[in-house]
Amino acid sequence: MSSALLDIRGLKVQFRTSRGVVRAVDGIDLAVQPREIIGLVGESGCGKSTVAHAITRLIPSPPGQIVAGEIRYRGSDLLRVPERDMRSQIRGREIAMVFQDPMTYLNPVMKVRTQITETLRLHQQLNAEEAGRKALEILAHVQIPSPERVAKSYPHELSGGMRQRVLIGIAIACTPTLLIADEPTTALDVTVQAQILRLLKDLVRDLQSSLLLITHDLGIVAELCDRVYVIYCGRVVEHGDVYRIFESPRHPYTIGLLRSALSIEEMRDELVAIEGQVPNLMAPPPGCAFHPRCGFCMDICRREAPGPVPAAEGHEVWCFRELP
Amino acid sequence: MPLIEACGLTKHFPLRRMFLFGRPEVVHAVDDVSFSIEAGETLGLVGESGCGKSTTGRLLLALMEPTRGHATFQGRNIFALEARERHRLRARMQIIFQDPFASLNPRKTVRQILAKPFRIHAPMRRQKEEAAIVELLETVGLSPGHLYIDRNPHEFSGGQRQRIGIARALALKPSFVVADEPVSALDLSVRAQILRLMQALQRELQLTYLFITHDLAVVRTVCSRVAVMYLGKIVEVAPTAALFSRRLHPYTDALCSATPLPNPRLTRARERIVLSGDLPSPVSPPAGCRFHSRCPRRMDRCAEEEPPLLGVGEHHSVACHLFPEGR
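Same order as they appear, the protein sequences are chains A and B.
According to the working numbering, the stretch in the first sequence is residues 1 to 324, in order.
According to the working numbering, the stretch in the second sequence is residues 1 to 327, in order.
The hints are simulated quantities; they were obtained by calculation from the structure and are not laboratory data.
Don't be surprised by glycine CBs; every beta carbon is placed ideally from N, CA and C.
One should not assume that every hint holds.
Calculated pairs, SDA-like style, for lysine to any residue (alpha carbon to alpha carbon, straight line, at most 20 Å) [as the list claims (entries may be wrong)]:
1. K201/A to A269/B
2. K111/A to I172/A
3. K201/A to S257/B
4. K128/B to I113/B
Estimated spans, in silico, between C-beta atoms of each pair [to be verified]:
5. P285/A to R92/B: 43 to 49 Å
6. S143/B to K111/A: 55 to 61 Å
7. E306/B to R198/A: 27 to 33 Å
All chains, full assembly: derive it from the sequences and hints.
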């Protein structure tokens, strides 16, 4: 039994389509401790967003379905909590989400103030006036320079960076213990991204919350995260402390990703790439999902899927090369 | 003589709102932009959204008319050509687009997509055309070409579609290629593959690239020189190593500082410059230096007088009052 804030065991999520079953998440274990920033990193289609949506039970069903596993939040399995309680107690209150594209996730026909007071009145039973004042405080807290003006605005009247701050404001309105941010800065310019990442880091520290940050950007992971999970084809292939993962990666996929990552600090003589492409999740390769692209592939890799092997304290790798 | 020269290129887009009195509003997308590109080099054009880099790329290909200024290709003004000469010029200058999903016609086969450039500029008999298409596909790494030629775009991955887009751009063996965010929409592990392909093709076919992107790390890796744009203006131009080591213009410095490094020790130890505020509107850009409203090092002069782009060293120019000529 762990003291983890969030403890996911054996999570499997599938999507039934007319052309077959997509095994989006195929057996993931993940733990988030209190006051920790965890990075979930992988490329498009690897299942990291699906994990995020599964935690708050926002997987559209049909066609999606959580077919196995448990998601323990403070000891209780969220998959067994009635929907009514998910709504009133968990979502927006204990666990909040910040999504990638604020224009898609903000209500275009509601003023910003109303979108914040809506969550405040739902979870904290404030009256209209109290909620209105609190909304202004929240806007100031997310470093919006003119809260009154922004509160009266509609999302389309704001810039991308402002909208993302509003979305973050809505998320932290009821001081959640776990904040899940799914590619929160992908749609933003790099100078705005720097502002938003700093904001997230400061907020999480002030609220003493944990942050589960989902991204494909290794620079963001290096910037913010305490620990990292690397996901490939719906499975964790490696996880560990951020310094270990970047300085002593063990899984060939992690090594490949890090070597092909570009940086403004280095002049590369030679561009290194991972050959091949991400497989179809309806028909993943047998054995280790990465084996067709792996330079170290052995016979066993083609037949069996590797289990976790400890490489160091708090550092596990799913690879037959790693000797226990 | 440089292969390409931009001379005071300016592009203003009128807004639809019409006022009865006063001047109609315009978007100052590109304002008095001048630079040159030597044959065989890769010039990076960087900036954030709305800075005018894509518009500049399209102006250089004569895909739109400038409001003022002109551009030259091998010394000739591309906007002053007769229709027939302009048509021939198109075969020499091509573009690779950002979105591998939007830039290929989903209802056409690869054969139809790649045959188009030939049919417009260099029509030939079917068998020869097919052989040319197969060779093109193999040049971009889609080998054997016969396997791919009759498929539709949706049957390919993002990286493969981008290869098809590159093949289309290279069909007529151009001299100059504008690559507009060619890898931004691709996964990390595929980016390096495509960049490597572009570099190999450059050597093989003696191409000159204008590489448009917002991603400084890509620029560092593939560009020989870089021009930084902000709100329609060029603020700094330099050879790549010098740009990143000296970062003279405060905006260049802020951009570099804002770009996270894939190295936790380095990135957390850095001193960060976080710009305040949002990008001003290109409809009414700030007076004087357009960057002054967000510049951490602004002086009084910056709000009144626009700094000219001046040389400060070996092929290095900056538009900033902090660097008057020669210093």
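Here is what the structure says about each hint:
no., hint, result
1, K201/A to A269/B, "holds (16 Å)"
2, K111/A to I172/A, "holds (18 Å)"
3, K201/A to S257/B, "holds (17 Å)"
4, K128/B to I113/B, "holds (16 Å)"
5, P285/A to R92/B: 43 to 49 Å, "holds (44 Å)"
6, S143/B to K111/A: 55 to 61 Å, "holds (56 Å)"
7, E306/B to R198/A: 27 to 33 Å, "holds (31 Å)"
Consistency note: the structure conflicts with none of the earlier hints.
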